[in-house]
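Protein chains in written order, with the working numbering: chain A, 670 to 879; chain B, 670 to 879.
Some hints here could point you the wrong way.
Since the list can't tell identical chains apart, any single copy or any two copies may satisfy a pair.
Claimed, not checked - Under the rule of at most 20 Å between Cα atoms (straight-line distance), these lysine to aspartate or glutamate pairs were calculated in the DMTMM-like manner: (1) K686 x E859; (2) K682 x E859; (3) K752 x E865; (4) K752 x E833; (5) K752 x D700.
Simulated from the structure, these hints should not be mistaken for laboratory data.
Number of protein chains: 2
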Amino acid sequence: MEKKKNISMAVIKRLPKYHRYLGELLKNDVDRISSKELSEKIGFTASQIRQDLNCFGDFGQQGYGYNVRELHSQISSILGLNKKYNTIIVGAGNIGQAIANYRFDKAGFNLVGIFDANPKLIGIRIRDIEIQDIDDLQSFLKNNHIDIGVICVPKLNAQKVCDELVQGGVKGIWNFAPVDLNVPEGMTVENVHLSESVMTLVYLLNQKEE
Amino acid sequence: MEKKKNISMAVIKRLPKYHRYLGELLKNDVDRISSKELSEKIGFTASQIRQDLNCFGDFGQQGYGYNVRELHSQISSILGLNKKYNTIIVGAGNIGQAIANYRFDKAGFNLVGIFDANPKLIGIRIRDIEIQDIDDLQSFLKNNHIDIGVICVPKLNAQKVCDELVQGGVKGIWNFAPVDLNVPEGMTVENVHLSESVMTLVYLLNQKEE
Numbered sequence: 670m671e672k673k674k675n676i677s678m679a680v681i682k683r684l685p686k687y688h689r690y691l692g693e694l695l696k697n698d699v700d701r702i703s704s705k706e707l708s709e710k711i712g713f714t715a716s717q718i719r720q721d722l723n724c725f726g727d728f729g730q731q732g733y734g735y736n737v738r739e740l741h742s743q744i745s746s747i748l749g750l751n752k753k754y755n756t757i758i759v760g761a762g763n764i765g766q767a768i769a770n771y772r773f774d775k776a777g778f779n780l781v782g783i784f785d786a787n788p789k790l791i792g793i794r795i796r797d798i799e800i801q802d803i804d805d806l807q808s809f810l811k812n813n814h815i816d817i818g819v820i821c822v823p824k825l826n827a828q829k830v831c832d833e834l835v836q837g838g839v840k841g842i843w844n845f846a847p848v849d850l851n852v853p854e855g856m857t858v859e860n861v862h863l864s865e866s867v868m869t870l871v872y873l874l875n876q877k878e879e
Numbered sequence: 670m671e672k673k674k675n676i677s678m679a680v681i682k683r684l685p686k687y688h689r690y691l692g693e694l695l696k697n698d699v700d701r702i703s704s705k706e707l708s709e710k711i712g713f714t715a716s717q718i719r720q721d722l723n724c725f726g727d728f729g730q731q732g733y734g735y736n737v738r739e740l741h742s743q744i745s746s747i748l749g750l751n752k753k754y755n756t757i758i759v760g761a762g763n764i765g766q767a768i769a770n771y772r773f774d775k776a777g778f779n780l781v782g783i784f785d786a787n788p789k790l791i792g793i794r795i796r797d798i799e800i801q802d803i804d805d806l807q808s809f810l811k812n813n814h815i816d817i818g819v820i821c822v823p824k825l826n827a828q829k830v831c832d833e834l835v836q837g838g839v840k841g842i843w844n845f846a847p848v849d850l851n852v853p854e855g856m857t858v859e860n861v862h863l864s865e866s867v868m869t870l871v872y873l874l875n876q877k878e879e
């Protein structure tokens, strides 16, 4: 498959949604779908869908539409979901435990370690993985190849943990701490800022009322 | 304060970030800040900052910059953080419990109920709130004024819960289920789609490697 560069973040952010909808069509034994039909389900315009997918290759066929199984599998491969990513979670509080228990296997998540500073949590097992002392994080990173680090520690400790992950060779960080992390160029960070999400909700809710 | 309409979602989504940075400046006893200094901290350009804030009023003063306390308080009020929002969480699994334990009080969150279908969870208390049977959700909504419903149930049940919340008079929905909910016009929904977030991370991580 030919690779196209400079794809906008807006398009990239829509890919997982295509993946999800196509996965549901597959489950319902739908073989093919036109951009118009897909548009009615997913809520983007048909022309937007064609444009988005054209960024990555020549998928549809005029008069036939998209082959659902093929497009789903192509998007999986574009997203990189067909590989495995060794992942550790740092911070085994509520969010950390929720992430550990969540089934992200579809995204290639291979959870291999959980770390926390709280002696009450160290030694407990979540999905068969023992929570380790955060003091052992650096040596763990030295001895294991880790692709993704999930930061679920309080905001005051987040940058320190981030620095250790970067130094330990982690390539991507999924950050749940309410801070913007400083990372070297080329490092991938995806933030989930729950407070910002709920503030947006509250703002929109107030607009409707006035 | 004069209200301006038709503010883009992109600007709205940046407001919580301004709020967070200004809150930190306040904590560090910073009285005033220029758009240039704020730009260096927050990572938006100074002109972007001036443009964003101008959507909501006339805050800065040429040669003085922004009064940190005043701007922070104005943004709080624009976001609607100075009010209280009666909130219930439906689904007391990992994510639901994490949200219940998280401190969203700053966003005006007033957690008044948690619901689940699992008999093992019903009756347990989280932050002094007893988990109630989801079968009692409708009557609870009838007897209580609820502003925000947080949906943390599995995706197959999400639409049903959403319909009950809408019918029960809830005004805003914070949705953690990996589905796009159908809601009547005028209903506010803010999605946190964790699978999509991690897929974006995985995609970007793969781009870096090639």
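Taking the hints in turn, this is what the structure says about them:
1. K686 x E859: both (17 Å within a copy, 15 Å between copies)
2. K682 x E859: Both. Shortest intra-copy (11 Å) and inter-copy (16 Å) distances satisfy the 20 Å Cα cut-off.
3. K752 x E865: Intra 31 Å, inter 16 Å, cutoff 20 Å: inter-copy only.
4. K752 x E833: For K752 and E833, neither the intra-copy (25 Å) nor the inter-copy (40 Å) Cα distance is at most 20 Å.
5. K752 x D700: neither (25 Å within a copy, 50 Å between copies)
Comparing the model with each earlier hint shows violations of hints 4, 5; every other hint is respected.
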